[in-house]
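**Q** Chain residues, written in single-letter form:
There are 4 protein chains.
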Amino acid sequence: MKKQNKKKIINDPVHGFISIQSELIFDLIEHPWLQRLRRIRQLGMTYLVYPGANHNRFQHVLGAMHLITEAIKILKTKGIKITNEEAEATQIAILLHDLGHGPFSHTLEKFFVQDLNHEEISLLFMSELNKQFDGKLTMAIQVFQNEYHKKFLHQLVSSQLDMDRIDYLCRDSFFTGVSEGVIGSDRIIKMLNVVEDQIVIEAKGIYSVEKFLIARRLMYWQVYLHKTVISIDQSLHQLLRRARYLLSTGYELQMSPILKFFLQNDIRNCDDLLADSQFRHSTVLELFARLDDQHIYYSISEWTFEQDRIMNFLANTLYNRKLFRIQIFPDYSFFNQDKIEQIKHSIRDVMGFDADEITYIFTSDIVSNKAYDSSKDNNINILMPDNSIIDIAKASDISNVSVLSNTVRKYFICYPKVFSIIP
Amino acid sequence: MKKQNKKKIINDPVHGFISIQSELIFDLIEHPWLQRLRRIRQLGMTYLVYPGANHNRFQHVLGAMHLITEAIKILKTKGIKITNEEAEATQIAILLHDLGHGPFSHTLEKFFVQDLNHEEISLLFMSELNKQFDGKLTMAIQVFQNEYHKKFLHQLVSSQLDMDRIDYLCRDSFFTGVSEGVIGSDRIIKMLNVVEDQIVIEAKGIYSVEKFLIARRLMYWQVYLHKTVISIDQSLHQLLRRARYLLSTGYELQMSPILKFFLQNDIRNCDDLLADSQFRHSTVLELFARLDDQHIYYSISEWTFEQDRIMNFLANTLYNRKLFRIQIFPDYSFFNQDKIEQIKHSIRDVMGFDADEITYIFTSDIVSNKAYDSSKDNNINILMPDNSIIDIAKASDISNVSVLSNTVRKYFICYPKVFSIIP
Amino acid sequence: MKKQNKKKIINDPVHGFISIQSELIFDLIEHPWLQRLRRIRQLGMTYLVYPGANHNRFQHVLGAMHLITEAIKILKTKGIKITNEEAEATQIAILLHDLGHGPFSHTLEKFFVQDLNHEEISLLFMSELNKQFDGKLTMAIQVFQNEYHKKFLHQLVSSQLDMDRIDYLCRDSFFTGVSEGVIGSDRIIKMLNVVEDQIVIEAKGIYSVEKFLIARRLMYWQVYLHKTVISIDQSLHQLLRRARYLLSTGYELQMSPILKFFLQNDIRNCDDLLADSQFRHSTVLELFARLDDQHIYYSISEWTFEQDRIMNFLANTLYNRKLFRIQIFPDYSFFNQDKIEQIKHSIRDVMGFDADEITYIFTSDIVSNKAYDSSKDNNINILMPDNSIIDIAKASDISNVSVLSNTVRKYFICYPKVFSIIP
Amino acid sequence: MKKQNKKKIINDPVHGFISIQSELIFDLIEHPWLQRLRRIRQLGMTYLVYPGANHNRFQHVLGAMHLITEAIKILKTKGIKITNEEAEATQIAILLHDLGHGPFSHTLEKFFVQDLNHEEISLLFMSELNKQFDGKLTMAIQVFQNEYHKKFLHQLVSSQLDMDRIDYLCRDSFFTGVSEGVIGSDRIIKMLNVVEDQIVIEAKGIYSVEKFLIARRLMYWQVYLHKTVISIDQSLHQLLRRARYLLSTGYELQMSPILKFFLQNDIRNCDDLLADSQFRHSTVLELFARLDDQHIYYSISEWTFEQDRIMNFLANTLYNRKLFRIQIFPDYSFFNQDKIEQIKHSIRDVMGFDADEITYIFTSDIVSNKAYDSSKDNNINILMPDNSIIDIAKASDISNVSVLSNTVRKYFICYPKVFSIIP
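Protein chains in written order, with the working numbering: chain H, 1 to 423; chain Y, 1 to 423; chain P, 1 to 423; chain V, 1 to 423.
Chain H extracted, bound-state conformation (with noise of 0.2 angstroms):
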């Protein structure tokens, strides 16, 4: 059989060409653990609201090592010496930083695997790989935990400034068409450099810094905390509840059987997912691995024909989109107690539902974003002209990044459209 070419290009609409560096990274791309990020949409049911936004968690992870490949080569013009294995073991790292990511994980983090949030999940993934690739993986791990003696390779994976984030970006922006988010990544990685073992920018890119970190927020807030968002979240989330709820009582629910794996199994920790599931000869971790949107697609799917009026109901949302009111409010003094209760009220007359029931039909709750956080080991450095290195926060003199480290929070409650009350 003739040798397989490995040095593939790839297309991405977002960055263009994306070449295949070496043949373990090929290798890796290859395996069914990353081929599984391809069935999980990287922004959940927000397709919904921009109907563009379809792309994956296998798309990102692509794009997230093509810049870590760019900032390499420009910090190797600049004079840091990175080897080419510590430049591999980085590309790995990024590549496999989101194995860890299940369906939906914005809304269900947590909700499968209860102890462990998907960086967690991740290193186990990695773990697991390094055996099956003979430890191949072991300095990609250490960077991916910082471990590894050069600090600034793991702040390129992750910090507030690392490819992940700016990919991530990118890439919203693109497919959601929300050009507000748009940065000009390119210009950030030129003014990358390395100052005592730390990622620095150069004074030049400051500009650039500070419309990545506004662009972040208003991601944020047109994008990824979107009120009809928030609204969806809600109720796929509620539905899951409803439906372990149910199977809990013995209830019997067509749906997926590895979905139903995890909603009756009581997962919460590395030793439960490493532990034999008994179920297709699988452990935990390769049912997980197993795990993707479309087997909540599926499900809800089926559900939108269920006897229980809560799973019908919130299926049946979902489906044929006819989602939930949402309203936001800057602050608790603003909920109007009395109008929360009429709407309680009037779900409780029409639809019959108990105290416990109403809460998978009216939910409430806060959402919060802050676009820069000065206080963290990992603020945003600035390599001023004299050589000095200061916090983004400090180091503009027309800067309003300070103002990007204040935390908004915005509170909402979320109930069906057919129970709104004229104000």
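Watch out, some of these pointers could steer you wrong.
Heads up, the list lumps identical chains together, so a pair's fine if it works in one copy or across two of them.
DSS-like cross-link-like pairs, simulated, lysine-lysine; straight-line CA separation at most 30 angstroms [said to hold, decoys possible]:
| no. | residue 1 | residue 2 |
| --- | --- | --- |
| 1 | Lys7 | Lys322 |
| 2 | Lys6 | Lys131 |
| 3 | Lys78 | Lys8 |
| 4 | Lys190 | Lys344 |
| 5 | Lys410 | Lys136 |
| 6 | Lys204 | Lys322 |
| 7 | Lys7 | Lys394 |
Keep in mind that the hints were calculated from the coordinates and are not lab data.
Starting from the known structure of chain H, arrange chains Y, P and V on it as the hints suggest.
**A** Relative to chain H, chains Y, P and V alone:
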């Protein structure tokens, strides 16, 4: 309840903002049958080759409607009479023109409904919708069927230079990242005019049309008939053929019940579609309106655990992207029959299949494309400076459009990589 | 002679196709005074820093007119009454709004005509044109001067969010390649509305406006007030000041006769402009309408051979791009007076200039910018969901627009590189 | 004095950031002869038809150098040996390849220097520069002249698919806004390879090359040979021919002295260029290096006031954009000789010109274009999957490249609009 604002604007990364022009159109877009198109990818599994190609038919029909709106605006500034009612009817005709697509239409057209192409099914959906909307779609249906007296409106919806094609070329280029397919839709639309009830292109637009034809041909060979895409289509088609066969023998398959319905029943024509399915209180058409990509994806996912070795093999081929090798030849004479027999033998020997079973694993067929059909009634007419009208294939003294009228055929064989023989 | 088709379409790389909306507008565009704007670069000598910045004011006024056309279309779909005559008047007002610009306006405003800014000269040109066009521009002039009763039309032409600014930001970003300045002009225009005869932005557009303000500020510091651009401006200004001085002493300079006219005569106000120049049978205004970039460039080219050492030095500085060093400080206190004296001394010593002559070679000044002026009458108003209208600086709970209202000042010194002293 | 950082980045709106790769290249770019290219528009007066076409040859040579840099990077990843010295030599060869262009080269090639084309003059400039730079350009000159032993380096600089052509197509499309000319330069460059010391395109790139050839042909007919552009070229050429004639009779013209020098002296070959001009202490070559667009524009501006009626008429034609009518025919037989005589008569009658004078006002000629020259040595070679190499005209079974090899000719007549006769 506050009256809903239906003059919505939708973000489209391809055309920018798309404005919904009327309340009727808004209500149609909200209809579950339109929303279903969100769950049918425009290019099927092409995303396994071009990772960005995750866009769906919902985006496409909105885009095509937008281009119709733009085209009508231009024609009106040139003095062509189009009433508001006619404009809306034409917008609706194109909005609904793809309703009849099932999942993976390019591969599976006539697989689920054997005697009808997707346009005939679209018409059936439109008729049903017309009942639901109290006859408001009558003119749209006339335009769609070319029964309306202003024939040029139909040509905007369906001809060799219709807004359907212009949108899908733009869109497929955009999402695949194949920049060769980018066309200047703006310029083509600006050059539209109507003479003697026919759409014509003003002479200044001749290069743009030529580029459109060339782009279309390039997209055929680079995307629609990309060899890996053909290989995927073959695997998918054989997988579903096998499933249908196994079900016919009474074999039990874990899969989507709706998909199972279509594999177990012999649905051929409009009468079959309008009949009661005796399943979930639905007509067959209503079930068809529930059949979308996710039922196929979910079933494939389940079949990766199948006992039947053909099912298991083909399902894993697609699920884990271990795709079949495909070899393409310009002519039958290129087939090396000895080698083909060798390959079949080795498949048989290793997997132990009989002659019938091997037809799922080793396939051979023809694909063809003609960029421009100069014989058809709906050829592309150019309005010359002296007001004469001639076919584009003759209009341009510098043209090579005539070359584009040739049908190009390619012959291929397709089989698992593991069985390929070193040449 | 065949009647000319005046419904032309113009290719614009920024906005696509620009349609000329009426015969009157076509005739105005053909007028030599409009055509002259082709010979005045939008950004003067900025192309010495950003090589792509060769676009001219002719392109800009066409682009701004195009945006006005789009804005009026949108407003009309929202029920705002605008007659065809008013639409044309507003288009003409913006088409002509830059007629009064001379070459290198940003540097040389009030240099050739000492008491008038370019808007006042534009008005004078419009009045003259109105005579030539039999009073057809009367309404356009009313709109331009804010004397027309529908005040919102003037705001489209001139305000803090007018189509002038939107076009030049888009255009200058496009041609400089500074992607940070790209704004979503489409989205802003889609969000325009009129309440109580005032242009407002619908609340959904608040992020777009914020981005516009930020982009504007970034463009100021990255392009319009880029330090090298300031350095160039200084050299150009001093060169022409020296020429004027030498001519006043009777010194002969090889140069453009029209430029010489303006350096030798004391033109101050409208009366001066309307007077007979006694040169080439032209009024002074007609001569001004002949003065464009090429007269300056040609004269600089000749002056590179000048005997006068200051002329020769400054002309070669610009012609051969041997630009002056510029140093920028946030405050006067940063100036090191000793070092400044040292630099001046060394210029004096090497070149042998006296105290007066050195003012052409060593300069010092302030530049400032305020992104948003919240005190002005023409602040940007947001139409909130509850139909109240508030200033953008107050509208956004997540906003940092208030920060943008601060005036930022920078102090600089500028002198030949050869005289800089190692710090 | 602080050592200057010469690793500059230049913003290019077409390719993004262009990095200067070495100090020598930086110094060459700073040289007045390179800087002069800023004053020569790439497309002459085409901006009178496409208002955005103000880009100059300086931008183009930087862009072409950037593409060479990218191409060399790609070739090196494919194992092609290119030393740093060879890379720099190739970059320099293309950076300097247009030095020999005078103003409006396409119209005025061989007008100022009668026996040399621009490439021969470029070579002369390079030789002079090589002296100034102590022989550091020797290898670059070898590459430029195809005398270096690695022939493929020359092909990157000059062949039917060189970086010169790729850059100017991209650039001219970008600035004119003619989107039909956009090509995927990225993809073409990614497909480059070298076999037997020849540049080849890998088979996957065949569509991209085909699109490149088609785009090139479209750009010829839509831009480079656009009828109005030809009309402008005719007027400019006749105007300068008239000026030369008048000067030869001793007539005095107000104009640029350097332009006058070239009209009054008979400069034919390298010896003439290297001679002392006896004007401004310069060699003729040094004067040529001062001749740029602005000398022509300034002189045209002055000539609008000329007494000579032909000068005055042609100068105003260009200055105020009152362009001549042009009529184009596929063949001589289409010329209506009677009508032509009628037009000439009416020019003569109205303006009172004699037979000789009328040749400045009424012109007739041929333009032609061949998109691909399959006969030349430098044809475009495709590297097939079986490692054979064939001409693109034969490589593609679906190709129409052979059609592109035909020479297309067009015949035209050109004369003032006022004299046109109603057909």
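**Q** Compare the structure with each hint and give your call.
**A** Hint check results:
Taking the closest pair of Cα atoms, Lys7 and Lys322 come within 30 angstroms of each other only across two copies (17 angstroms); inside a single copy the shortest separation is 47 angstroms, beyond that limit. With identical chains, the CA atoms of Lys6 and Lys131 are at most 30 angstroms apart within one copy only, with a shortest distance of 22 angstroms there and 48 angstroms across copies. Taking CA atoms no more than 30 angstroms apart as the test, Lys78 paired with Lys8 passes in both settings, with 28 angstroms inside one copy and 12 angstroms between copies. With identical chains, the CA atoms of Lys190 and Lys344 are never at most 30 angstroms apart, being 55 angstroms at best within one copy and 37 angstroms at best between copies.
Taking the shortest alpha-carbon separations for Lys410 and Lys136, neither the intra-copy value of 46 angstroms nor the inter-copy value of 43 angstroms comes in at or below 30 angstroms. With identical chains, the CA atoms of Lys204 and Lys322 are at most 30 angstroms apart between copies only, with a shortest distance of 22 angstroms across copies and 48 angstroms within one. Proximity of Lys7 and Lys394 under a CA criterion of 30 angstroms is satisfied inter-copy only: 28 angstroms between copies versus 44 angstroms inside one chain copy.
The structure shown violates the earlier hints numbered 4, 5.
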